[in-house]
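**Student:** Sequence:
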Amino acid sequence: MNNAIKNPVYRKRLLAHRVGITLSVVAMGIGLAFLAWILGTLLYNGVGALAGTLFTNDTPAPGTPGGGLRNAIVGSLMMVGLSTLVSTPIGILAGIYLAEYGENNKFAQVTRFVTDIMLSAPSIVIGLFVYAIYVANVKHFSGYAGSIALALIAIPVVVRTTDNMLRLVPSSLLEAAYALGAPHWKVATTVRLRAVKAGVVTGVLLAVARVSGETAPLLFTALNNQFYSHDMNAPLANLPVVIYQFAMSPYDDWRSLAWGGALLVTATVLLLNIISRTMFAQKTPR
Numbered sequence: 257m258n259n260a261i262k263n264p265v266y267r268k269r270l271l272a273h274r275v276g277i278t279l280s281v282v283a284m285g286i287g288l289a290f291l292a293w294i295l296g297t298l299l300y301n302g303v304g305a306l307a308g309t310l311f312t313n314d315t316p317a318p319g320t321p322g323g324g325l326r327n328a329i330v331g332s333l334m335m336v337g338l339s340t341l342v343s344t345p346i347g348i349l350a351g352i353y354l355a356e357y358g359e360n361n362k363f364a365q366v367t368r369f370v371t372d373i374m375l376s377a378p379s380i381v382i383g384l385f386v387y388a389i390y391v392a393n394v395k396h397f398s399g400y401a402g403s404i405a406l407a408l409i410a411i412p413v414v415v416r417t418t419d420n421m422l423r424l425v426p427s428s429l430l431e432a433a434y435a436l437g438a439p440h441w442k443v444a445t446t447v448r449l450r451a452v453k454a455g456v457v458t459g460v461l462l463a464v465a466r467v468s469g470e471t472a473p474l475l476f477t478a479l480n481n482q483f484y485s486h487d488m489n490a491p492l493a494n495l496p497v498v499i500y501q502f503a504m505s506p507y508d509d510w511r512s513l514a515w516g517g518a519l520l521v522t523a524t525v526l527l528l529n530i531i532s533r534t535m536f537a538q539k540t541p542r
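Just so we're on the same page, our numbering is the position in the sequence shown counted from 1, plus 256.
By construction, these hints were calculated from the structure, which means they are not laboratory data.
Since the model is a prediction, treat every value here as computed from it, not as a measurement.
Where hints are given, some of them may not hold.
Claimed, not checked - Pair by pair, the computed Cβ-Cβ distance ranges are: (1) ILE294 with ALA438: 19 to 25 Å; (2) GLY322 with ARG423: 35 to 41 Å; (3) ALA503 with VAL265: 55 to 61 Å; (4) PHE363 with GLN501: 39 to 45 Å; (5) SER376 with ALA289: 25 to 31 Å; (6) GLY469 with ASN489: 22 to 28 Å; (7) THR312 with LEU375: 36 to 42 Å; (8) GLY296 with PHE363: 46 to 52 Å; (9) LEU291 with ALA503: 18 to 24 Å.
Each residue gets a CB set at the ideal place from its N, CA and C atoms; glycine is no exception.
Start from the sequences and build out the full structure, keeping to the hints where you can.
**Tutor:** Have a look at this one:
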């Protein structure tokens, strides 16, 4: 060991290793410090707005004390729920196709390429796309348009997660199923998909978490509504747009509600991430 320490090559590599570890720890500490700062500020300003009226009252008029975010919460749940119902089957089926039939298929390669582009595309571009093909034609904003925009953001997440998870299934398991005479479609759905169902559900929950806080596409599709409404074919209130508008306003009551809404969205996204990671960890073999 002493001879190794005296070796200049070893000492150089040891120094590089220690420098790399130190820089990594410092970078991690800086990132955690900023994250703690952001969460601390959010908690400090948002906890005071978490009252019962936040969930029972609608957004108030400018300069009116009190009020809540009931209409925005319900509108967000409706749009995120509809987008999840649309994106989940499409994303899972597309992921199964890519994993089962997309090895040497040109169409599958193009699909993967387009999916990767959509994953990295700015959400405002998707909002403008839905505005051009739907809102501009029907001549009004609506919750349906917002759900379409959110579904277009969620689908690539579900597709890539499903595709990647299905590729982790051992080939021996598939060969055993084929040896028993199971057809290809049954192997794909009842063997391969069932083996990674926790990972697929994780992808769906991550997609829901991704779209829950999107603001830009909703500005061009659902816009906002000050009143409580269940009409998906009309402008619909939603938390991201309400937070954006209230945070930019000069009214203290509105800014307080914006902090409360931001904390609510952050807590929801955090809860979904915890649930998805917990479900996946329980299914991971040790």
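**Student:** Hint by hint, where does the structure go against what was stated? Just the numbers, ascending.
**Tutor:** Failing hints, ascending: 1, 2.
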